[in-house]
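**Q** Sequence:
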Amino acid sequence: MVLIGSAMVGWFIYNQMHVKKLADDPKKDKEQVMTSSLPRQSFDDVPPTIDSTPKNSVVPPLQTTQESQQQVARQTLNNQKKELSPEEKIMRARLGVSFNGVDPEKQATTAKEQERRSGQDNTETSSNSQALASRMKPARMAVAQASVMPHPNLTIAQGTMIPCGTNTELDTTVPGQVKCTVSRDVYSADGTVKLIDKGAVVTGEQNSGIQNGQNRVFVLWSRLRNPDQTIVNLDSSGTNALGSAGVPGQVNSHFWERMGDAIFFSVLTDGMKAGIASINNNNSDVTFNTTENSTDQLATEALRAKINIPPTLYAAQGDAVSIYVARDLDFSTVYGLEMND
Numbered sequence: 004m005v006l007i008g009s010a011m012v013g014w015f016i017y018n019q020m021h022v023k024k025l026a027d028d029p030k031k032d033k034e035q036v037m038t039s040s041l042p043r044q045s046f047d048d049v050p051p052t053i054d055s056t057p058k059n060s061v062v063p064p065l066q067t068t069q070e071s072q073q074q075v076a077r078q079t080l081n082n083q084k085k086e087l088s089p090e091e092k093i094m095r096a097r098l099g100v101s102f103n104g105v106d107p108e109k110q111a112t113t114a115k116e117q118e119r120r121s122g123q124d125n126t127e128t129s130s131n132s133q134a135l136a137s138r139m140k141p142a143r144m145a146v147a148q149a150s151v152m153p154h155p156n157l158t159i160a161q162g163t164m165i166p167c168g169t170n171t172e173l174d175t176t177v178p179g180q181v182k183c184t185v186s187r188d189v190y191s192a193d194g195t196v197k198l199i200d201k202g203a204v205v206t207g208e209q210n211s212g213i214q215n216g217q218n219r220v221f222v223l224w225s226r227l228r229n230p231d232q233t234i235v236n237l238d239s240s241g242t243n244a245l246g247s248a249g250v251p252g253q254v255n256s257h258f259w260e261r262m263g264d265a266i267f268f269s270v271l272t273d274g275m276k277a278g279i280a281s282i283n284n285n286n287s288d289v290t291f292n293t294t295e296n297s298t299d300q301l302a303t304e305a306l307r308a309k310i311n312i313p314p315t316l317y318a319a320q321g322d323a324v325s326i327y328v329a330r331d332l333d334f335s336t337v338y339g340l341e342m343n344d
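The numbering of the sequence shown is my numbering, which starts it at 4 and goes up by one.
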């Protein structure tokens, strides 16, 4: 009964308080409506600025640059210590950062060293490649600019052949001077003016000695003198009548001078050996070993002394030779042309 009574009293009190609250709400709404219906007022004075920062609030001190760097370094060290995820490894690889604790520059240096060592093993291949590359480069000749011969009617062009007959015999035992006489007239480049007369004298010089197997000697024709005493420097080489380089002649190889003594000592040695063998067959105790050895040495020395004698070329007086003009010969400073009436 007591519980029922207490419940009834509580229910009664709750109803009374709820009714009172409902009675108060219309008043509040009325006050709100009345407040909002008042006319607006404008004020010319600007209200003072109110500091929104609480008086008791404390602003944390700013970190210095050194502290920030230390914090970043500690954070980087912690990030390096912890195991990276596959995504982070890929990102660091793209940025060129090593995630295995090795400096990227050292990795690059090591790679270059390995490449250099492997290149040493392929030296033969590299040399072959270089040889191929050198063969792939063609020879590019410089462009030759064309020009006009200034005096074609007073110039003997390069490559002209001047026929000549020798006045002196050629002997290549020692170097010396040679001389020949032009056998026919020579005309200008355009073929209109006679510039070298028949009978002009040409002088030159010859070399000494020729090599084994050669039958020509090099002759340099240096100066030409016309019958009217006009002089021009040729500085051109001599050829045979058909233009082949060198002046031909008869060659003396000096065979007997070079080999005669050696052959003599060889025959003498063979004769002595035959005599010694005959004596030995007769059961004689006489020996000639010293004489035999001396003969062999004499033959060797004789051959060594004369084996290097050079051959000699002879060309008789009056042989037909030619002179190959090596450069343009300009006679414009000596000769001139006039119109005939």
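Hints are computed from structural coordinates only; laboratory data are not their basis.
Every residue gets a Cβ at the ideal spot worked out from N, C-alpha and C, and that includes glycine.
Careful, some of the hints might be misleading.
[To be verified] Between beta-carbon pairs, the in silico distance windows are:
#1 329 to 271: 50 to 58 Å
#2 178 to 260: 17 to 25 Å
#3 255 to 341: 52 to 60 Å
#4 266 to 319: 28 to 36 Å
#5 271 to 177: 31 to 39 Å
#6 271 to 204: 51 to 59 Å
#7 94 to 73: 33 to 41 Å
#8 148 to 188: 19 to 27 Å
#9 228 to 177: 56 to 64 Å
[As the list claims (entries may be wrong)] Okay, derived cross-link-like pairs now, DMTMM-like style, lysine to aspartate or glutamate, Cα gap no bigger than 20 Å in a straight line:
#10 197 to 90
#11 197 to 322
#12 197 to 172
#13 182 to 91
#14 182 to 322
#15 182 to 200
#16 197 to 341
#17 182 to 172
**Q** Each hint: holds or not?
**A** Now the hints, each set against the structure:
no.: 1; hint: 329 to 271: 50 to 58 Å; result: holds (55 Å)
no.: 2; hint: 178 to 260: 17 to 25 Å; result: holds (21 Å)
no.: 3; hint: 255 to 341: 52 to 60 Å; result: holds (55 Å)
no.: 4; hint: 266 to 319: 28 to 36 Å; result: holds (31 Å)
no.: 5; hint: 271 to 177: 31 to 39 Å; result: holds (34 Å)
no.: 6; hint: 271 to 204: 51 to 59 Å; result: holds (55 Å)
no.: 7; hint: 94 to 73: 33 to 41 Å; result: violated (25 Å)
no.: 8; hint: 148 to 188: 19 to 27 Å; result: violated (33 Å)
no.: 9; hint: 228 to 177: 56 to 64 Å; result: violated (25 Å)
no.: 10; hint: 197 to 90; result: violated (98 Å)
no.: 11; hint: 197 to 322; result: violated (25 Å)
no.: 12; hint: 197 to 172; result: violated (29 Å)
no.: 13; hint: 182 to 91; result: violated (97 Å)
no.: 14; hint: 182 to 322; result: holds (11 Å)
no.: 15; hint: 182 to 200; result: holds (16 Å)
no.: 16; hint: 197 to 341; result: holds (14 Å)
no.: 17; hint: 182 to 172; result: holds (9 Å)
Consistency with the previously given hints fails for numbers 7, 8, 9, 10, 11, 12, 13, ordered from lowest to highest.
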